[in-house]
Amino acid sequence: MSLDDLILLTGRTINQGVALEGGKASRENVRAAGICAFDADDFKKLDCLVGTPVKVITDFGEVVVYSTISEEGPHPGIIFIPMGPWANQLVNPNSQGCGTPIYKGINAKVEVVKNGKVLNALELIGNLKNV
Amino acid sequence: MVEKVRTVTDVCCPFCGTLCDDLEIDIDLKTDQVVEVRNGCQIGTKKFYASNPSEHRFEKPLIKKNGELTEVSWEEAIDKAADILVKAQRPLLYGFSSTECEAQSRGVELAELLNAILDNTASVCHGPSLLAIQDVGASLATLGEIKNRADTVIFWGSNPVHAHPRHLSRYSDFIRGYFRTDGRNDRYIIVVDPRYTHTAQIADKYIKVKPNEDYELIQSIRAVLRGTDLDVKEVAGVPIEDIKELVERLKSANFGVLFFGMGLTQSLAHHRNIETAIRLVTELNDYNKFILIPMRGHYNVAGANQVFAWNTGYAYSIDFSRGYPRYNPGEFSSVQLLMRDEVDASLVVASDPGSNFPAGAVKNLFKHPLIAIEPHKTPTSAFADVVLPAAIAGIECEGTAYRMDKVPLRLRKVKEAPGESLSDKEILERIIEKVKGKLGE
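Chains as they are written, first to last, in my numbering: chain A, 1 to 131; chain B, 1001 to 1441.
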């Protein structure tokens, strides 16, 4: 029910692009960007249904997102979260001196959290206010 | 029959760096709302529809009072914004990539007045590309040239099917050009990516590189190109035979182009990836014509770099704190400043750092007063202290934008902005006037 030694990639998807233009506070945005896409074989190891919430953990943070199977696989060992508030809870802010954070290629692990709640963008980012 | 809609043609799409300039927009004459978008991709089309009044759209200036955003007059909102900026020791002006060039130049003026930090979204996307180009130069071309001539096209760490949906059909893949009369059949498409992306799925050759090992792969391609016999079986997960085959393919091209995206700039080695890619392209010019183009994300981020550079000498991450522009992205980029909690007030223009910065930087952004010039409710504007509702450039006001190949195009106004929204340029001009008054200038 968990996977270690994964590598997290983030990036644009067309659904995420459409959703952010359509309203960042919308549920559509959660369905588009609050997801984690797994390689099909990796997903079998999680032993859960597509759409089950998973907690993704890196050295820089953790976030609960919906699980899904990647249409852009196979990519064993790699998970993909579309760019946006959910992915950015996990990325490495260190820029190695060039100013641009490391948004791709971050070590990650994943746990299934069947009763986990996937927050919408405003709830998620709102948690960063006054902490 | 009475006409119910008016049609605006040859509209530039203000979404991605492809800056498609052939959109047709139908506007309802009665309601002045977008009712039909033709020729646009899914995302661009949605952007036009999202300009219509909705629960997500701001129509009046807002100030946070007792924890709630409250409607106020423009005068009060501008005064509050100017007050925040003038009182700040180290204000940050960030964004600018999704607005037009004149607003960007007002941003430079304001930053200089305030001795502020001035940054655009390149600092979290193609900043490393700019650093590399400053180091070693670059062979560039316009997209028109690529459409007419390119027979070998590489997409490295870039997935245009998702990020630049019409790029392939307008410039780089399916389109018929003057020397590429058979369109897709006249081109050889190579995709290098850790994932078998939708772009890779329609390519002629897919090369699966291990995450964060692009630098090693490019360097080995360069080595093989120079005739070095590499004493390994694979590099970055790519068999050496594949690298040799790729090199032969690149050498035999007539006109090649390397499009690269965030896969190179946001992974380990950052600008060194781009630097070595540029060197590879330079070396390929011994055999043929080869160029490279960064796949810019925001429709006018290239313009922001141009405008900042011709005003200050630098394209992004500029510090005016000593009264003159200084440039050192590793020190002055927005995320680095926020991570060190150096910024004590921020003005965000047409951007959403709340969504797009790492969580630690957002936390510190929210600690201090925040002003958002923004048309929509976003994770940044929803938590701002002052919200100044903007007309969307390219839909509700005119302006100039630079395509990813640095060709400037004129944005059109297709309809009026809802409510009391003003253009980014006008809002910034009003803030500048107010700031000057407060500074006694």
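Just so you know, the hints here were simulated from the structure itself, not pulled from any lab data. Please read these numbers as outputs of a predicted model, since none were measured by experiment. Even glycine gets a Cβ: it sits at the ideal position worked out from N, Cα and C. Please note that the accuracy of each hint is not assured.
As the list claims (entries may be wrong) - Pair ranges (Cβ atoms, derived):
#, chain 1, residue 1, chain 2, residue 2, range
1, B, Glu1234, A, Asp5, 16 to 24 Å
2, A, Lys44, B, Arg1410, 48 to 56 Å
3, B, Arg1410, A, Glu71, 52 to 60 Å
4, A, Asp5, B, Leu1439, 27 to 35 Å
5, B, Glu1398, A, Gly126, 13 to 21 Å
6, A, Asp5, B, Glu1075, 54 to 62 Å
7, A, Glu71, B, Leu1230, 46 to 54 Å
8, B, Lys1064, A, Glu28, 24 to 32 Å
9, B, Asn1052, A, Glu71, 26 to 34 Å
10, A, Lys44, B, Leu1230, 34 to 42 Å
11, A, Gly126, B, Lys1030, 34 to 42 Å
12, A, Lys44, B, Lys1064, 33 to 41 Å
13, A, Gly97, B, Lys1064, 35 to 43 Å
14, A, Gly51, B, Asp1010, 15 to 23 Å
What the hints assert, rightly or not - Simulated crosslink set (EDC-like; lysine to aspartate or glutamate; CA at most 20 Å straight-line):
#, chain 1, residue 1, chain 2, residue 2
15, A, Lys129, B, Asp1344
16, B, Lys1208, A, Glu62
17, A, Lys129, B, Asp1341
18, B, Lys1046, B, Glu1071
19, B, Lys1060, B, Glu1429
20, B, Lys1064, A, Glu123
21, B, Lys1244, B, Glu1213
22, B, Lys1147, B, Glu1112
23, B, Lys1208, A, Asp42
24, A, Lys45, A, Glu28
25, B, Lys1205, A, Glu71
26, B, Lys1147, B, Asp1344
27, B, Lys1080, B, Glu1429
28, A, Lys129, A, Glu71
29, B, Lys1205, B, Asp1231
30, B, Lys1363, A, Glu123
31, B, Lys1367, A, Glu123
32, B, Lys1208, A, Glu71
33, B, Lys1363, A, Glu71
34, A, Lys109, A, Glu28
35, B, Lys1210, A, Glu123
Against the structure, the hints come out as follows:
One distance hint, 16 to 24 Å for the beta-carbon pair Glu1234(B) and Asp5(A), holds here, with the actual separation near 20 Å. Distance hint check for Lys44(A) and Arg1410(B): the Cβ-Cβ separation is about 53 Å, which falls inside the suggested range of 48 to 56 Å. One distance hint, 52 to 60 Å for the beta-carbon pair Arg1410(B) and Glu71(A), is violated here, with the actual separation near 37 Å. Between Asp5(A) and Leu1439(B) the Cβ separation comes to about 56 Å, which falls outside the hinted range of 27 to 35 Å.
For Glu1398(B) and Gly126(A), the hinted distance range of 13 to 21 Å is not satisfied, since their beta carbons lie about 36 Å from each other. A hinted range of 54 to 62 Å for the beta carbons of Asp5(A) and Glu1075(B) is consistent with their spacing of about 58 Å. The given range of 46 to 54 Å is broken by Glu71(A) and Leu1230(B), whose C-beta atoms sit roughly 34 Å from each other. Here the CB-CB span from Lys1064(B) to Glu28(A) is close to 27 Å, well matched to the stated 24 to 32 Å.
Judged by the Cβ atoms, the range 26 to 34 Å given for Asn1052(B) and Glu71(A) holds: they are separated by roughly 31 Å. As the Cβ distance of Lys44(A) to Leu1230(B) is approximately 37 Å, the hint placing it in 34 to 42 Å holds. As the Cβ distance of Gly126(A) to Lys1030(B) is approximately 38 Å, the hint placing it in 34 to 42 Å holds. At roughly 48 Å, the beta carbons of Lys44(A) and Lys1064(B) sit outside the given window of 33 to 41 Å.
Checked against the given bound of 35 to 43 Å, the beta carbons of Gly97(A) and Lys1064(B), roughly 36 Å apart, stay inside it. At about 43 Å, the beta-carbon gap between Gly51(A) and Asp1010(B) misses the expected band of 15 to 23 Å. At most 20 Å may separate the alpha-carbon atoms for a hinted pair to count; Lys129(A) and Asp1344(B) meet this at roughly 15 Å. Proposed proximity of Lys1208(B) and Glu62(A) is contradicted: the alpha carbons are some 28 Å apart, above 20 Å.
For the hint linking Lys129(A) to Asp1341(B), the alpha-carbon distance of about 14 Å falls within 20 Å, and the restraint holds. Between the alpha carbons of Lys1046(B) and Glu1071(B) the distance comes to roughly 27 Å, so the proposed pair goes past 20 Å and is violated. Only pairs whose Cα atoms come within 20 Å are accepted, and Lys1060(B) paired with Glu1429(B) is accepted, the gap being roughly 18 Å. With a C-alpha separation of about 18 Å, the suggested pair Lys1064(B) and Glu123(A) falls inside the 20 Å cut-off, and the hint holds.
A hinted pair counts as satisfied when its Cα atoms are at most 20 Å apart, and Lys1244(B) with Glu1213(B) qualifies at roughly 18 Å. Annotation: proposed proximity of Lys1147(B) to Glu1112(B) is violated, straight-line Cα distance about 41 Å (limit 20 Å). A distance of roughly 18 Å separates the Cα atoms of Lys1208(B) and Asp42(A); the hinted pair therefore holds under the 20 Å criterion. Proposed proximity of Lys45(A) and Glu28(A) is contradicted: the alpha carbons are some 28 Å apart, above 20 Å.
This hinted pair checks out: Lys1205(B) and Glu71(A) have alpha carbons roughly 18 Å apart, not beyond 20 Å. As the CA atoms of Lys1147(B) and Asp1344(B) are separated by approximately 47 Å, the hinted pair breaks the 20 Å bound. This hinted pair checks out: Lys1080(B) and Glu1429(B) have alpha carbons roughly 15 Å apart, not beyond 20 Å. About 35 Å separates the Cα atoms of Lys129(A) and Glu71(A), which puts this hinted pair outside 20 Å; it is violated.
Annotation: proposed proximity of Lys1205(B) to Asp1231(B) is violated, straight-line Cα distance about 24 Å (limit 20 Å). For the hint pairing Lys1363(B) with Glu123(A), the CA-to-CA distance comes to about 14 Å; that is within 20 Å, so the pair holds. At roughly 17 Å between alpha-carbon atoms, Lys1367(B) and Glu123(A) fall within 20 Å of each other, so this suggested pair holds. Between Lys1208(B) and Glu71(A), the direct Cα distance comes to roughly 16 Å. Compliance with the 20 Å bound is thereby established for this hinted pair.
Taken as a hint, the Lys1363(B) and Glu71(A) pair is broken in the structure, with Cα atoms around 33 Å apart against an allowance of 20 Å. Straight-line distance between C-alpha atoms of Lys109(A) and Glu28(A) comes to about 26 Å, which puts the hinted pair past the 20 Å bound. The suggested pairing of Lys1210(B) with Glu123(A) is violated, with an alpha-carbon distance near 34 Å, which exceeds 20 Å.
The structure fails hints 3, 4, 5, 7, 12, 14, 16, 18, 22, 24, 26, 28, 29, 33, 34 and 35 (numbered hints given earlier, in ascending order).
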